[in-house]
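**Student:** What follows is the residue order along each chain.
Number of protein chains: 2
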Amino acid sequence: MAKNLIIGQSGGPTAVINSSLAGVIDYSLSSDKVGKVFGMINGIEGLLEENIIDLTSMFYNLPHEVNRLKHSPAMFLGSCRYKLSNNEDEFKTIFDILEKYNVGYFIYTGGNDSMDTVKKLSDYTAANGIDIKVVGIPKTVDNDLNGIDHSPGFGSAAKYIATSVRNVAYDTSIYSIKSVHIIEAMGRNAGWLTAASVLARQDNMPAPHLVYLPEVPFSVEQFVNDVKEKLEEYNSVIAVVSEGIHDKDGNYIAEGGCSQDGFGHAQLSGVGAFLKTVIEEQIGCKVRALEPSVLQRSAGHIASLCDVNEAFNLGTVAVRAAEEGKTGVFATLKRTSDKPYCVEYGTERVEVVANAEKTVPRSWINEAGNDVTEEMVTYLKPLIRGVAQTPYRAGLPDYIDIRHLDVTKQKYKNEDE
Amino acid sequence: MAKNLIIGQSGGPTAVINSSLAGVIDYSLSSDKVGKVFGMINGIEGLLEENIIDLTSMFYNLPHEVNRLKHSPAMFLGSCRYKLSNNEDEFKTIFDILEKYNVGYFIYTGGNDSMDTVKKLSDYTAANGIDIKVVGIPKTVDNDLNGIDHSPGFGSAAKYIATSVRNVAYDTSIYSIKSVHIIEAMGRNAGWLTAASVLARQDNMPAPHLVYLPEVPFSVEQFVNDVKEKLEEYNSVIAVVSEGIHDKDGNYIAEGGCSQDGFGHAQLSGVGAFLKTVIEEQIGCKVRALEPSVLQRSAGHIASLCDVNEAFNLGTVAVRAAEEGKTGVFATLKRTSDKPYCVEYGTERVEVVANAEKTVPRSWINEAGNDVTEEMVTYLKPLIRGVAQTPYRAGLPDYIDIRHLDVTKQKYKNEDE
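Protein chains in written order, with our numbering: chain A, 6 to 422; chain B, 6 to 422.
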C-alpha cells in the first residue's frame, strides 16, 4: 500500500529550493508508491508542532502552479534553523506525528546542518525498527557541500554575482576618472561565489580585476598594492571580496562586529565598507562598496536554467531513492563531462555531507591569491548557462506564495462546485 | 545635400540610454537627410578634444549589433559631467570641430544638466547664424525631468527596485522571527524610484510595508513608531527609503558625510545603515540595510520592455525633429491614456526641462508620509511592463562594448577582403 511523503525545507534560501520541491511534487503525483504529499511548515521545527499542509490537494489540479513553484525563489514551505537535540522525547514526538500521517518517505532539503538532521532521523529509524525512508536534497548558495559536484542554488547565485559585476563594469566604464568598486560576495569559509564573479569577464571587459577568497589569508597592505597596480592599467577597478576574508591569524577583516545565527555561525558584513575606507585613505580615488547581501541568494529573476533543472531533477531522484528503500542518503549529481556538460544523478551516504564544508582547493586560486585559475573557470562555466523561463505578470516575476496559492485553491474549489 | 549627425551621451548611466542611441543610428542609417553618424566619446568634454568616432562605419553592415546596443546598459559612447562655461573660446572650439565634420544635426542625451548644454549650444547657433540643429534626448533613473510624462531609464530602474523588493520579501518570508529590511533607493530630491517599490505588492504580499520619499520631512521617531506598528502585524517588515530623506529643517538623515559631484550636487549614502542602527537600538530585532546603489541604474538584465522601446523611439523622434529644422528642443512623450497605456511622441522647448527638477506631488503621497496613493500606482504600473529581449551568451547578458565592437568591425572587414 502506498505510504505518504512529507517534505521540509531548512536553512537559508536560494533561488531553486522550490524547484526541488516542484520536482518532488511532480514526481510524487504520478507515482503509485506515494500516497499524499505533505509539507512541513518551517521545517522540523514546524513538524514538532504538527504544522503540516496537504500539498497534493493544493497542487493536484494545478499543474501550471507546479511550474510557477519551480521558478519561485526562497522557500514555499518556510524555513527553520533548528538543531535536533539528542532528546529522546523530541524524536518520539516527531515519529508519533509521522505515524499519525502514515508517512513512509521523509524528504528534507537543506545544507550541511540539515543533512545532519537527515542523519539523526535515519539513525533513529534504524535503531528503532521504524520503516520510514529519510532522504536529503542538498541546497546552498555557498557551494560548500561535499559529495556533490556543485550544490543546487549555487549556479543561480553565481549567475547573479557575475551579472551584477558585468552591470557595474558597464556602469563604471563610462567615466574617465579613476574609481574602485568593491563588491562583497557571500561565502563565509568557501570562496566559490566570489570566484564565480570572474565569469563576468568576456570580450575585452576585464572586470572583476581582483578577487579575494577566504581560503587564502588576506593582507590589507597587499590589497592596496594590488588595487594601485590595476589602477595604473585601468580607470575603473572592480574587486570582489568574500565576506569571510581574514588575515593570516584567522581574524576577520570585516570592521563591523559579529553576530551569530541559530547554529552558532558568525554572521559577517561590512568588509566592503571597511576596505572602501582603506582605499579612500591610502589611494584617495572615488570608491564604492556594494553588498548585494540577500539579493544574491533569492534572485529568481536571473536564475540559471541549468540550476533550476538540476534542482528539479534532484527532487525526483530523492523520491525515487526513497521508493527504492534507500535511507540516510541524499540525492546528488556527478559531472561526467565539462564539454559537453553532462551530469549523472544518484545518491550518496549523508555522512559525506553532514557538518562538513567543501572549500576551494588552493590550486584553483592563483599564486598571488587575487584571482582564480583556468580550472576554476572550466568548473564554473556550465553552471550559469541558460535563462530560466520565469513567468512574469504585470512586469514582475510571478512567484508563488503559499497564501496566494491558498486563494487559488479556494477559487478552484468554487469553480468546481 | 545631406549633413552629418553627431551624438553624445552625458550624466549618469541608465539601462536604456543606448536604446536611444540605437534609435538614432537605426533611423539615421536609412534617412536621406542624414549623412554620416558620428559619436562623441565622453560627451561634450570629448568633443572639445575632437574625440570622435564614426558610428556609420561601425554599424552599417551589422544590424544585429544595433539590436545588442538597444539592450546594453550604461553608455556606449562614455559620459562626462562637464558644465559648459560661457567662455566664447570654448564655443568657438566646439563649432569649429562641428564644421570640420560637416555636422548639421547635434543630438545630446542626458538629464536636466545636459539639457542646459543643449540650450546653450542652440542659443549660440541662433546668435551666430550657424545652421546646426541641436536636439536633446532625455534620460534619468530619477524621473525628475519636467516636460515629459516620465523619463527614459526610470521604468527599468523602477522594475529593478520592485523586483528586488519582491525577491527580498520572499527571502525574508521564510523565517518566523521578527525582522526589518531597509532598502535605500536612489533619488536625491525626487522620490519616484522609492515610490516605484510599491509595485512589488501583489496578491497577499504586502511588501514594501513602508516607503519614505524625500518630498515629505522625515522623522526618525515616527519611522521607529511606524516600524513597531507594522511588526505587530507582520514578522518581516520591509521599508524603502530614498537616499535623500531629510528632516523638517532640511538636514539629511544619512549619517555619513557628503561629497559633491561635478555639478556640485551632494552625493549621499548611508541612510539605510544609519536607520539600521536606530532600529537595532530602539526595537532590538534583526535588521538588514540594503543599498543596491549603482546596481539599480544599469540593470540591463531586468530592463522594462516599455522603457527600452520608448527610449529607442525617442531617439528616432529626435533625429526627425532635427531633420525638420527644429532646434533647442528635446524629444518627449505625453501619456494619452492609462488603460490601455498610450503615449504620443513630440518635442518640447528645452527651457522646460533644463536645470529644473520634477518632484512627486504631495497629493500622491499618503497623509502619514509613509506610503503612496492609488494615483501614483496607476501612473507607475505601465512603466515596468514587458520583459526586454536582452540577448544572452554563455549564461550572461551579451552587452555590447565599444572595444568589442571594434574587434567585430575588424573581423567584418577581414571577411570582406
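Among these hints, one or two may not hold up.
You can't tell identical chains apart in this list, so a pair holds if it fits in one copy or across any two.
Stated by the list, open to error - Keeping only pairs whose Cα atoms sit at most 30 Å apart, straight-line, the calculated DSS-like set for lysine-lysine is: (1) 291 x 363; (2) 41 x 363; (3) 97 x 8; (4) 88 x 183; (5) 183 x 291; (6) 235 x 38; (7) 281 x 291; (8) 291 x 88; (9) 281 x 88; (10) 88 x 386; (11) 386 x 41; (12) 97 x 38; (13) 8 x 331.
Keep in mind that the hints were calculated from the coordinates and are not lab data.
**Student:** Determine for every hint whether it applies to the structure shown.
**Tutor:** Structure-based check of each hint:
1. Taking the shortest alpha-carbon separations for residue 291 and residue 363, only the inter-copy value of 29 Å comes in at or below 30 Å, while the best intra-copy value is 36 Å.
2. Within a single copy, residue 41 and residue 363 get their C-alpha atoms no closer than 36 Å, and across copies no closer than 57 Å, so neither meets the 30 Å cut-off.
3. Taking the shortest Cα distances, residue 97 and residue 8 sit within 30 Å of each other inside one copy (20 Å), while across copies they are farther apart (86 Å).
4. Only between protomers do residue 88 and residue 183 lie at most 30 Å apart by alpha-carbon distance; the minimum there is 20 Å, versus 49 Å within a single protomer.
5. With identical chains, the CA atoms of residue 183 and residue 291 are at most 30 Å apart within one copy only, with a shortest distance of 7 Å there and 37 Å across copies.
6. Taking CA atoms no more than 30 Å apart as the test, residue 235 paired with residue 38 passes in neither setting, with 60 Å inside one copy and 46 Å between copies.
7. Taking the shortest Cα distances, residue 281 and residue 291 sit within 30 Å of each other both inside one copy (9 Å) and across copies (25 Å).
8. Proximity of residue 291 and residue 88 under a CA criterion of 30 Å is satisfied inter-copy only: 20 Å between copies versus 45 Å inside one chain copy.
9. Within a single copy, residue 281 and residue 88 get their C-alpha atoms only as close as 37 Å, which misses the 30 Å cut-off; across copies the closest is 29 Å, which meets it.
10. For the identical chains of this complex, residue 88 and residue 386 are neighbours neither inside a copy (35 Å) nor across copies (44 Å), given an alpha-carbon limit of 30 Å.
11. Proximity of residue 386 to residue 41 under the C-alpha cut-off of 30 Å is found in neither arrangement, the shortest distances being 39 Å within a copy and 41 Å between copies.
12. Taking CA atoms no more than 30 Å apart as the test, residue 97 paired with residue 38 passes inside one copy only; the shortest distance there is 26 Å, against 85 Å between copies.
13. Taking identical chains as interchangeable, the C-alpha atoms of residue 8 and residue 331 lie at most 30 Å apart only when both belong to the same chain, with a minimum of 15 Å there against 77 Å between chains.
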